[in-house]
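The whole structure should be built from the sequences, with the hints applied where relevant.
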Amino acid sequence: MQDNNPWDLIYNPIYKLDNPDQRIANDIDASTSVFARIVTIASKSVVILIFLTYSYHAVAGAKATVVIYSVALGLMLMYRLLLKPLAKYTFKQERREGDFRYAHARIRDYAEPISFYEGQQMEKNYVRKTLDLVLENQKKLAIWGTLFGIYSSLNTWVPYLTSLGVNAVFLWQMNYDPTTLANLYYVSATYSNQIMNSFSELMSLGIDIAIFEGNLYRLVELDERIETLSETAPNRKTTFVYDDKVIFNNVTCVTPQNTYLVHNLDVVISRGTNVLITGPSGCGKSSLVRSLVGLWRSDGVITKPEMFGNGGVFYLPQKPYLVTGTLRDQVIYPHKQSQVSDAELLYYLNEANIESVFIQFGGWEAVQDWGKVLSPGEQQRLVFARLFYHRPLFAVLDESTSALDTYNEQNLYKKCIERKFTLISIAHKVNLRQFHDIALHFDGQGGYTLNNITEEEKERLRVDKKWVPIEEQKGLLNLHARDSTIQTNFVNKRKESKFSNYYVVRLAKIWKTMQGYEGTLISSILLFFLVAIPIIQAIATSVWPILIEPVLTSVFTVDKEGFGYWFPCLCLAILGTYILLPVGVGVSHFLSVRYRCSLMNYLHDLYFDNNQILKLNSKGSTIDNVDQRIAKSTADVTLAMNPNSNSYACFTLLLFNTISNTATPLCALIFLVSSGLVPPGPAAFILGASLAALLLSSLFVYWMSRTVYTKARIEGDFRFDHIRLRENAEAVCFHGGLGMLKEKDILEDSFKKVVKASRSWIIASSFFNLVNSLFLQLSNPISIAITLWVLVSTNQLNSLNATDLYGSIGSLKAIIGNALLSCLALINILQPLSSNKGNIARIAQLIEEMEENNSKLIGERTHQDRIEGDLFSFKKLVCVTPTGKELNRPGITAEVTKHDRLLLMGPSGCGKSSLVRTLADIWQFSSGSLTHPPKASTLFLPQKPYMLLGTLRDQLTYPHTLQDAPQDEQLRGLLKRVNLGYLLNRYALDEELVWGSVLSPGEQQRLSFARLLYHSPPFAVLDEATNALDPANEADMYQLCAEQGIALISVGHRPSLLAYHNLLLVYDGCGGWSFWREGREGDLNAVLVKSIEGQGSH
1 MQDNNPWDLI YNPIYKLDNP DQRIANDIDA STSVFARIVT IASKSVVILI
51 FLTYSYHAVA GAKATVVIYS VALGLMLMYR LLLKPLAKYT FKQERREGDF
101 RYAHARIRDY AEPISFYEGQ QMEKNYVRKT LDLVLENQKK LAIWGTLFGI
151 YSSLNTWVPY LTSLGVNAVF LWQMNYDPTT LANLYYVSAT YSNQIMNSFS
201 ELMSLGIDIA IFEGNLYRLV ELDERIETLS ETAPNRKTTF VYDDKVIFNN
251 VTCVTPQNTY LVHNLDVVIS RGTNVLITGP SGCGKSSLVR SLVGLWRSDG
301 VITKPEMFGN GGVFYLPQKP YLVTGTLRDQ VIYPHKQSQV SDAELLYYLN
351 EANIESVFIQ FGGWEAVQDW GKVLSPGEQQ RLVFARLFYH RPLFAVLDES
401 TSALDTYNEQ NLYKKCIERK FTLISIAHKV NLRQFHDIAL HFDGQGGYTL
451 NNITEEEKER LRVDKKWVPI EEQKGLLNLH ARDSTIQTNF VNKRKESKFS
501 NYYVVRLAKI WKTMQGYEGT LISSILLFFL VAIPIIQAIA TSVWPILIEP
551 VLTSVFTVDK EGFGYWFPCL CLAILGTYIL LPVGVGVSHF LSVRYRCSLM
601 NYLHDLYFDN NQILKLNSKG STIDNVDQRI AKSTADVTLA MNPNSNSYAC
651 FTLLLFNTIS NTATPLCALI FLVSSGLVPP GPAAFILGAS LAALLLSSLF
701 VYWMSRTVYT KARIEGDFRF DHIRLRENAE AVCFHGGLGM LKEKDILEDS
751 FKKVVKASRS WIIASSFFNL VNSLFLQLSN PISIAITLWV LVSTNQLNSL
801 NATDLYGSIG SLKAIIGNAL LSCLALINIL QPLSSNKGNI ARIAQLIEEM
851 EENNSKLIGE RTHQDRIEGD LFSFKKLVCV TPTGKELNRP GITAEVTKHD
901 RLLLMGPSGC GKSSLVRTLA DIWQFSSGSL THPPKASTLF LPQKPYMLLG
951 TLRDQLTYPH TLQDAPQDEQ LRGLLKRVNL GYLLNRYALD EELVWGSVLS
1001 PGEQQRLSFA RLLYHSPPFA VLDEATNALD PANEADMYQL CAEQGIALIS
1051 VGHRPSLLAY HNLLLVYDGC GGWSFWREGR EGDLNAVLVK SIEGQGSH
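Mapped onto full-length UniProt numbering, the consecutive letters of the sequence shown carry residue numbers 1 to 1098.
Since the hints were derived computationally from the structure, they do not count as laboratory data. Quick caveat, the model's predicted, so the values are computed rather than measured. Possibly wrong hints are sitting among the right ones.
25 Å max Cα-Cα, derived BS3-like pairs, lysine-lysine [stated by the list, open to error]:
#	residue 1	residue 2
1	K63	K84
2	K372	K898
3	K885	K875
4	K124	K84
5	K935	K875
Label-pair ranges, simulated between beta-carbon atoms [unchecked claim]:
#	residue 1	residue 2	range
6	P568	L184	22 to 30 Å
7	V169	T228	25 to 33 Å
8	L572	I670	49 to 57 Å
9	D968	E457	24 to 32 Å
10	A42	E561	40 to 48 Å
All C-beta atoms in this analysis are idealised placements derived from N, C-alpha and C, irrespective of residue type, glycine included.
In structure tokens form, the structure reads like this:
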């Protein structure tokens, strides 16, 4: 958060890094969790290893110790050889999961433009493409994870079998009597087994180390990139001199790609001299602002005030930046605390004509997703209130009134001049020349001209004329009244609980979707093995301990022939039994890949249909963090990054462990009773003790599941804060060091919530682990006590000789201990069950909400007053927001044929864009009727140009797929027609870039017009589609539409737009409207100015 690092990491092609937000928000958390496990296990195992090695050497001798160490080190070496490919695929999985999540997060941010274009199918294809990469790597990860699982499972029993064989061989050489031999054998077996187990624990850290290495590499890469940025910052910075004026002394603007835009600029801007910067899109106007801020390097010397804000320079970037927080935070940003009273802040809102938000949202402490609840015009007026608050000497306005009507625009410029701000404006509107003294024009070829704006020219721009409307309806609404529905939904949406509350119901819903979407034959076969393997393993686990008695008897009696027979049988039984475990885990991993594919297909089919992406990501939605639920929660229940751990609560792995940990104790108890080795009394005690432990542990499940659910939601907010910073890095950097500090505070506050939620989760899981560990530690003395109980109750203590007694004790202890541990193993599924429960709840809620939305939308689609025809016709049409708020009353009546061009004008927030959303069938209407052409006959260009993730070709053909793409020559011709032919010299048609950051807003708008010409529909709806274009390019775009024969419905504020339309619909800001038809040539512009100026009284 310093030296403009966020901007460089995201946009600068030399220093940018993939997913820096994910590295900070996700990878640090994953690395620290795994590191804690590595340190804990490693330190414990090393200390135990040192102590036990000394003890074992004293009992069994040096040769036995060397053999034990040789086997252990050999296993560690082989383990390490398998670790490298697993680390590689783990790293790839983390990166691809990050790309997959970002694709969903971006849809959340651009939901409305995508809905306008009906681009859901193409977005779905792109998301599916990223998912395919995720699943492809997940399969490879499952293969290597299974191999690791097999090897790790063998390591669980190789130490036991090795110690069994090695101790027998070396103790036989010491010629002890049977009793001494048995005692020493038990002691040496315990030591050697624990030595091997310590090595096994160290080896089990291999996968954790692989995960840690993958995450650490990404964090180190981020850290090194930031260090490089810090080291090279002086070389990348423009030479600044600080004074109370702005001077560009022989300045040449250079892009990060080393493209030179403006050459040898010499301009002196003294206080009180307002400068208007104009020129074609992409000529370097905004680049000059970036150089002034210090984002881009430029040759030459720039003089400017040193202070930011009060007494210095303040920047209003092209895209209004609204910070996460209260209404007060929007005005004082980037200050942490207000420097003035609330009354004075309200005065600034009033001066910017945006005081209505104070009333509408309930005061200064109101918290909203301001970028969604406010229109672009309202956002621009709100940042002007921010400008008034900071009171700078110089105000740099980069297209800062592009979404405003003439009245509000002129009012804001007048207020700035009254406050004696020196203005440096970038704009295309001709009428803004009246507020400036000098015009700086860039020619697009690196040159520039500097001319004075005369008073005569300013006076000509202020001339008013009159004109009479055809029809006029006065408004009956107060659009600025507080919308309590919005406030209630936003604040309390997470408190609503209209969803299924039972885990079984939710699980059944998820299971149904996963079963029905992928090939059922292969999935059924995998599911069969997933169920059969743990049952077979449970039976085998219950039976093999009976082989221990003949093995131990042959050891104590030095029966080498018997030992040579029974010991290999025992080895085969154990290894054959426990090799099934990793095989079953591997099956669960492959099944999880298929189920994840099925679940994602189902969710995507719902999500990308019926405008769900807009419905779920708009105000009033009861579902938070939709992108996180789809991309992260589904991964948590279908992906096990660590095959030896249940920490990810993988659904299929959880299912496998549930069956295994349920079948094993049942088989063990049945075997205990049916074999007659253990009387019913001790068997019942084992069952009762296990059930009591299970009941006590289950008390923590609800607590843990709630903490997991809360933790997932808060972490989703934290990740989205980083994504928001990633999307608005330039706007943040425009606010200088204070902006960085403010964003740092926001992220720290968000992180504190994460820490608090994590602390609750840690406390719950720690209590659970404490109880679980206590039961496991008590299992050994309890199994010894039960063994003695059995021997006493069956009178074997008196009837057996010492050798047979030791063998019987060893066998019974193994059988009883195995049964007891099998029962206690049920506890192990509770923790992942609680994690799984939280994620299952979030996914099930999302599915239920989307299915409910579908049923509602189907009803809305059957609106009998929405008629398909060959024109647009409104008859008493009353538009409403999704929360049910009416935006115009009385209803609008107008008609647009194939030969008409309708312009919508009026104050910001009066309902112009809402009518566009109604035409696009995104919003509904409460009364009246609407006739509209078929959807295929209309293309919408939304306020925010949408540049999808993909190639330059994709931008032109969106939302068509590659199969529909035309020849390259046609696409090149389209770029040339919209004056973007020079892009062909910079980029290839199939080059993939983040086009929203590479292209200027004006270039993005012209690219959108190229998209319009490519589709060439009969009708086009343009919502502020030229507000970033200069007059010449704007005229060219409308001329191209006329030549193509495209009928238009446009939303705009510039009076110059009137020349390209023959119909006009003006909103009065109170729900009323007036309809105009083109009259005598030259009259219309002045009439509109007169009508809009009359709105100041509203």
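For each hint, the structure was consulted:
1. A hinted pair counts as satisfied when its Cα atoms are at most 25 Å apart, and K63 with K84 does not qualify at roughly 33 Å.
2. The straight-line distance between the Cα atoms of K372 and K898 is roughly 33 Å, outside the 25 Å bound, and the hint therefore fails.
3. Restraint check for K885 and K875: the C-alpha separation of about 19 Å stays at or below 25 Å, so the hint holds.
4. At roughly 34 Å between alpha-carbon atoms, K124 and K84 are farther apart than 25 Å, so this suggested pair is violated.
5. For the proposed pair K935 and K875, the alpha carbon gap of about 20 Å is at most 25 Å, so the pair holds.
6. Between P568 and L184 the beta carbons are some 24 Å apart, a value that agrees with the proposed interval 22 to 30 Å.
7. As the Cβ distance of V169 to T228 is approximately 60 Å, the hint placing it in 25 to 33 Å is violated.
8. Hint check: L572 to I670, Cβ distance near 23 Å, so the stated range 49 to 57 Å is violated.
9. In this structure the supplied range 24 to 32 Å is violated for D968 paired with E457, their Cβ-Cβ distance being about 46 Å.
10. For A42 and E561, the hinted distance range of 40 to 48 Å is satisfied, since their beta carbons lie about 43 Å from each other.
The structure fails to meet hints 1, 2, 4, 7, 8, 9 from the earlier list, while all remaining hints are met.
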